[in-house]
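With these hints in hand, go ahead and build the complete structure from the sequences.
Each residue of the sequence shown is one higher than the last, beginning at 1 in the working numbering.
Quick caveat, the hints were computed from the structure, so don't treat them as lab data.
It cannot be assumed that every hint is accurate.
Said to hold, decoys possible - Simulated DEER-style distance windows between Cβ atoms: (1) K917 <-> A305: 27 to 33 Å; (2) D930 <-> R281: 23 to 29 Å; (3) W206 <-> S243: 37 to 43 Å; (4) R534 <-> H368: 54 to 60 Å.
Remember, it's a predicted structure, so these values are computed and weren't measured experimentally.
C-beta: ideal position from N, C-alpha, C; glycine also.
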Amino acid sequence: MNKKREPIRQTERPASTKNDDYHHYDDAAELKCLCLKTHRRKTIACSKCRRLQHRECVRTHHQSQRYICAECWRTEPHVESGATIIVSPASIKYQWESEIRKHVCDPSFRVFVYNGATDKHGKWISPTELASYDVVLTDYNVLKPEIYLVAENARTSRHEKRFLVPSTPLAMIRWWRVCLDEAQMVEGLNNNASKMVKTLPAVHRWTVTGTPIEKTINNLHGLVHYLDYDPYSSFPVWSEYASRFRTGNAAPLLTIMVRVMWRTCKHAVLDQLGIPPQTERIHYIRMSDLQSYFYRGEHFQCAQAFREKARKIGLSLRMAQMNIQTMNSLLEPLRKLRLDCTIPSVLHVGATTLQAKKLLTPAELHEHLVTANVNDCKGQLRSVVSSLNGMAAVHILQQSYNQAFRLYQATLRWADDYQGTISVDTLLQIHAIHNLLDLLRTYEEDIEASLKPTVEQIQAYEERCARLEWRYIEQYASKVRSIENALKPAIGKVNELIAPDSGHPPIRLDRAWWHDLLTILERDTQRHATFQYRLFRELNVLENTGVGSWRSMDLWLVNWMDKIVERRRSLNKGFQSLAFFVDNLQPNHLWSKETRTRIEMLVRTAFACHLDPALLEEDEHGMRTEERLVAEGQSPAPLCLLCVVKDILNQMEAVLFLIKKTQVATGELHQYAKRQETLEQTIVTEGDHFISFLERIKVEFKEYSQYWVEINYTVAAYDELTMCKSRLQLLTNEEHLEMQRTKKKPTLMQLLACELPDTLAEMQLSKTTAEREFIRLKGTLKYLEHLGARKEIDPCPICQIVPDGKYAVLQCGHHLCSICSLKMVKFARASGNITSCVICRHEQHVKDMQYVTLNVNSNVQAVRGSYSNKILKIIETVLELMEEERDVKIVIFSHWEQILSELGVALEENDIKYRQKSTKFYQSIEEFKDFSKGITCLLLPLRFGSKGLNLTEATHVFLVEPILNPGEEMQAIGRVHRIGQTRPTFVHRFIMLETIEATIHETIQGDRSGRWLSKDVTVEQLEQLFLLDDATRDMIVL
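What follows is the structure, given as structure tokens:
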């Protein structure tokens, strides 16, 4: 340690007196301890302030020394010490301890691990004791809160604390040496760790770091400031030298830094260190067909997202010039793509976060892709049918009734063809049937006889429309019935307390249970004064309520209870008024005339009141339509029956969940009554009944609220049925002029005659595009089915040979062997790269052919579990190394802790012992180093584990993904390949072929300019990482 050994010097103090120990007759002494205990047993008195502290709250005190409390130590001179304090990251603090004990043989050499001003037993550590050690070890996380224990930064309060605030002993010692390990932690001057290490008095200050400068030369200023290297610790002075450095004049800055800096590059002294050689092994991996299909889509989207962000901030901007927010936003697509190379991930709604990345297993990935494809197919099918219905409506306006009839029939044919998972929306089918029948009734004479359906066909159309309507409503009606079944027992439980059948006394709604209790409290005020003071003064629950006595409280609570009972009665009546709708949730042909009228009226008024989406539209001033109509003097639509019931629900909620009244009635009063042994038991029993009554009403209210929601959804569904039958309308010139005069906009369903041709052309184009996309998506779905089935393959229809390695799947679902597919691609070049299926003659572009790989690497089969190919390769490599050397130790680095967790699951499934980052990180490190534990792998995230650790027990380093920052990569490798290593080491890189990982690896390895190491890289150069080779680039185009 090159430590200056000298005795500890302290300011002269008088000998200790007998008064340091508390005696029973010294009752005047004030007790103020670190704890909140008030007893005076086993105390010790401060020799300055004479306050008492418990001996159990201070560390061992020798009688030969004068005892001073933590507060009085602040006024004492610094304790002179010959000790060295070493500050390091928390992850390597205990490694410092083990290394010192390994290399220092002197048994009298004392080391203390400092974890705060108090030890693990809560005892304060005095500066005298701390200064007596040879080395004190602590970490930056410990120092951050210690800044508030320094006198200058102590937090103050308006009231004097009843306990003693511990002062940090670190600032009361003049250390011989303060050494910062991984000193880049104090680059910023304003973080608490930097401020705290700066306050430590010291004779010598050292900083040690092997981390390259991350952004600019100004990162060094934090270290210079800590070293008190004047005048350069002043930022204005430093900035002058730094600006010269940036403009190319490095000599002035180098001149001042060489006086305080000793810089040694590992490669310059490697042959002198005697470290065994290091070998690099690159494992190239191909994705599975499923992951490759997913990756191609993600690559396209991420590249597009990156380009959009790059254009906004400028292609010439360098990484070193970006702030952290801009850089994180720019690199997010790159991070997403790199994560997908190892394990596919999707965004999902988590429990604690709105969006979080979920890693997918192969089975989950297949399910995700199939579900997404089915949803896309439904969307395109919806576009096709919507276009057909819209085109039919335009033809009706153009009086082309025969063509309109044919288009409606085409819609129904699409519905007949697709009735499984991918089907035509019910509302679109209802629209087509309703308007087809309306067309027959209105323009029967204008329709060709060959198109007219028979009477039986018309009846079948009507029955089909009725079935579709009920099928649409039934899904909402079933939910209403389900909530109704839960509501009835909730109502019954409340009524059971009001009028019980079991012989128990009913809850009294005319006279509350607390009346007798408050009468007793008022009659014996002196006995219950403490409770009265607590309730009226300390708890603040009665603040601003006007309650100042027990009588006023009785009236206050009675009024509350009366409102609950009254509004519950109103709520029951409100839902009874909706019973006609709920009781008639059945096919509408079963309705009576009166029922039909009432339900239609409910739907119309609800639409005018709150269901119309136009009511929520905002104008350029942010004013909604409803608000604007009121502002213009027009009366709003009257409240519908649903909204009347909703208002009653809101009133019930407002009174039922009054926190103050609930707390007083069910909390304070009831708990106090239960503690009074002399109180009549009937009062407590009635209180129990009231609390049960209140809880049951809350449950009932919850069910009523959900009931209203489902009824409202069902009414909205009936409105949707009405709206879906409407079609485009022709707007006359007079009507259009009138709308312009009144500044009204036409609805989407209103068209001028001059707009009909363009609208028809747009719909035709939309239909053609959607049809083409629908066919492509159906082909992709069939391809995914091939990937998921893995069943026996039929022979190729051309050569009649069963594919054994790889085969092609066409959009139609038929497949060809790889040889025949290559021939078809070759022949297709003469016809614009368009080929057709030899079985069904379906035409498609050659780029839409998908391929399935059959042969699986036999080595991977030895790995248990279903994981991505990279995870399988890593586990396979670990197993191979374990076969070669049973006690092999491997350090695995990754950017993502999610990937390390997934790796941990795979290792455990394959009976491989491992450790990873945990709350007791140092313990995991020690267990990994201990060969007797049999721990093979240590999983470390780069940002925590790549700096400072000494892991020479390991001989293999796995880099799960290529690292963009070469300096960070060298730090990771340096955990194993360093002084103390006696065996050859190996670095394993795992690179996915035909992905961005291969591009990153080639770019970093081929960088001879050092730009990537110094982060002197532009946005344009980052964008080039998304470019793959020509063969792969064609595959990426979607």
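Cross-check of the supplied hints:
Remark: the range hint 27 to 33 Å for K917 to A305 is upheld by a beta-carbon distance near 30 Å. Taking 23 to 29 Å as the suggested C-beta distance range, the pair D930 and R281 conforms, at roughly 27 Å. Checked against the given bound of 37 to 43 Å, the beta carbons of W206 and S243, roughly 28 Å apart, lie outside it. Judged by the Cβ atoms, the range 54 to 60 Å given for R534 and H368 holds: they are separated by roughly 58 Å.
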